[in-house]
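Here are the chains, one letter per residue:
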Amino acid sequence: NAGVTQTPKFRVLKTGQSMTLLCAQDMNHEYMYWYRQDPGMGLRLIHYSVGEGTTAKGEVPDGYNVSRLKKQNFLLGLESAAPSQTSVYFCASGPLRTIGSNQPQHFGDGTRLSIL
Amino acid sequence: AQKVTQAQTEISVVEKEDVTLDCVYETRDTTYYLFWYKQPPSGELVFLIRRNSFDEQNEISGRYSWNFQKSTSSFNFTITASQVVDSAVYFCALSEYAGNNRKLIWGLGTSLAVNP
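Protein chains in written order, with our numbering: chain A, 1 to 116; chain B, 1001 to 1116.
Simulated from the structure, these hints should not be mistaken for laboratory data. The reader is advised that the hints may include incorrect statements.
[To be verified] Restricting the straight-line Cα-Cα distance to at most 20 Å, the calculated cross-link-like pairs of lysine to aspartate or glutamate (EDC-like) are:
id, chain 1, residue 1, chain 2, residue 2
1, A, Lys-70, A, Asp-26
2, B, Lys-1103, A, Glu-30
3, B, Lys-1003, A, Glu-59
4, B, Lys-1038, A, Asp-38
5, B, Lys-1038, A, Asp-109
6, B, Lys-1103, A, Asp-38
7, B, Lys-1103, A, Asp-62
8, B, Lys-1070, B, Glu-1096
9, A, Lys-57, A, Asp-38
10, B, Lys-1103, A, Glu-59
11, A, Lys-71, A, Glu-52
12, B, Lys-1070, B, Asp-1055
13, B, Lys-1070, B, Asp-1022
14, B, Lys-1103, A, Glu-52
15, A, Lys-57, B, Glu-1096
16, A, Lys-9, A, Glu-79
17, B, Lys-1103, B, Glu-1026
18, A, Lys-9, B, Glu-1044
19, B, Lys-1103, B, Asp-1029
20, B, Lys-1003, A, Asp-38
Since we're looking at a predicted model, the values are computed, not measured.
All chains should be built: construct the whole structure from the sequences, respecting the hints.
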C-alpha cells in the first residue's frame, strides 16, 4: 500500500549540478503534480500532468522540466540547480475527475533539496 | 482569479481548548471543491476532508468539524478539545473543475501549536 513514493528523500547539490526527482504512484491515477513548498509561500505548483505523455506548466515552472513517460511515474528535473531552488518538493497524484467525483490529491512524503 | 485566504498565520492554544481555523475563498465557478490538509512536524501532507460546492452540510469527524458557508465563501475548520498531537500546519485548498484540467489553489496555511 505504497501510495505515492518520492525518491530521494534528501539531497544536497552544488550550484550548476543537475538531478532528477522521481515520483511513483501505484493507484493508477491519471493526474500527477509537482509542488514546491517554501516558508511563507505555501505550496506552489511547478508542473503537472493529466495523463501519460502529457505535461503542463504550473505557477513556477522556470528552471524545471518534467516527463511522464509512464502513467505511474512523474519525473522532475533540474538541469542547472540554483540556490533559489532550495526547497521541499512534493509530488501528488489524483484520479481522473468526473462530474460528481471529488477525490483528493494524494501526496508523497516530500524531498528536501538543498542547493549550495 | 481564484484565491484562498487563511488569515491566521499562527495560532497557539492550550490543550483541551477549542480552536477554529478560518478559510475564505474566491472563485467565479459554480462547481468547485474545497479541501483541508494537515502537515504535522514530520512534514507529510495528510488529507482531512473534501467538500463540493453543492453540499453545504456541515461535517463532523470525531473532534474535527467543518463549517461550509457558501454565502460568505468560507470553509472553516474547528478542532474541539484540542490535543498536543493536533499541532501542525493546516492548509485549505480550492479545486476548480474545468474540463480535464484540475488544479488546487492553496492557502498559505495556519500553524497551530497546542501546548500542554
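Against the structure, the hints come out as follows:
1. A/Lys-70 / A/Asp-26: Holds - the C-alpha atoms of A/Asp-26 and A/Lys-70 are around 12 Å apart, at most 20 Å.
2. B/Lys-1103 / A/Glu-30: At roughly 13 Å apart (the allowed maximum being 20 Å), A/Glu-30 and B/Lys-1103 satisfy the hint.
3. B/Lys-1003 / A/Glu-59: Holds, because 13 Å separates the two Cα atoms, which is no more than 20 Å.
4. B/Lys-1038 / A/Asp-38: 16 Å, holds
5. B/Lys-1038 / A/Asp-109: 13 Å, holds
6. B/Lys-1103 / A/Asp-38: 19 Å, holds
7. B/Lys-1103 / A/Asp-62: OK: B/Lys-1103 and A/Asp-62 at ~18 Å, within 20 Å.
8. B/Lys-1070 / B/Glu-1096: 15 Å, holds
9. A/Lys-57 / A/Asp-38: Between A/Lys-57 and A/Asp-38 the Cα gap is close to 19 Å, so the pair holds against 20 Å.
10. B/Lys-1103 / A/Glu-59: 11 Å, holds
11. A/Lys-71 / A/Glu-52: 5 Å, holds
12. B/Lys-1070 / B/Asp-1055: 9 Å, holds
13. B/Lys-1070 / B/Asp-1022: Roughly 14 Å between the alpha carbons, so the hint for B/Lys-1070 and B/Asp-1022 holds.
14. B/Lys-1103 / A/Glu-52: Holds. B/Lys-1103 to A/Glu-52 sits at ~17 Å (cutoff 20 Å).
15. A/Lys-57 / B/Glu-1096: 16 Å, holds
16. A/Lys-9 / A/Glu-79: 19 Å, holds
17. B/Lys-1103 / B/Glu-1026: 15 Å, holds
18. A/Lys-9 / B/Glu-1044: 12 Å, holds
19. B/Lys-1103 / B/Asp-1029: Holds - the C-alpha atoms of B/Asp-1029 and B/Lys-1103 are around 13 Å apart, at most 20 Å.
20. B/Lys-1003 / A/Asp-38: 18 Å, holds
Checked against the numbered hints above, the structure breaks none of them.
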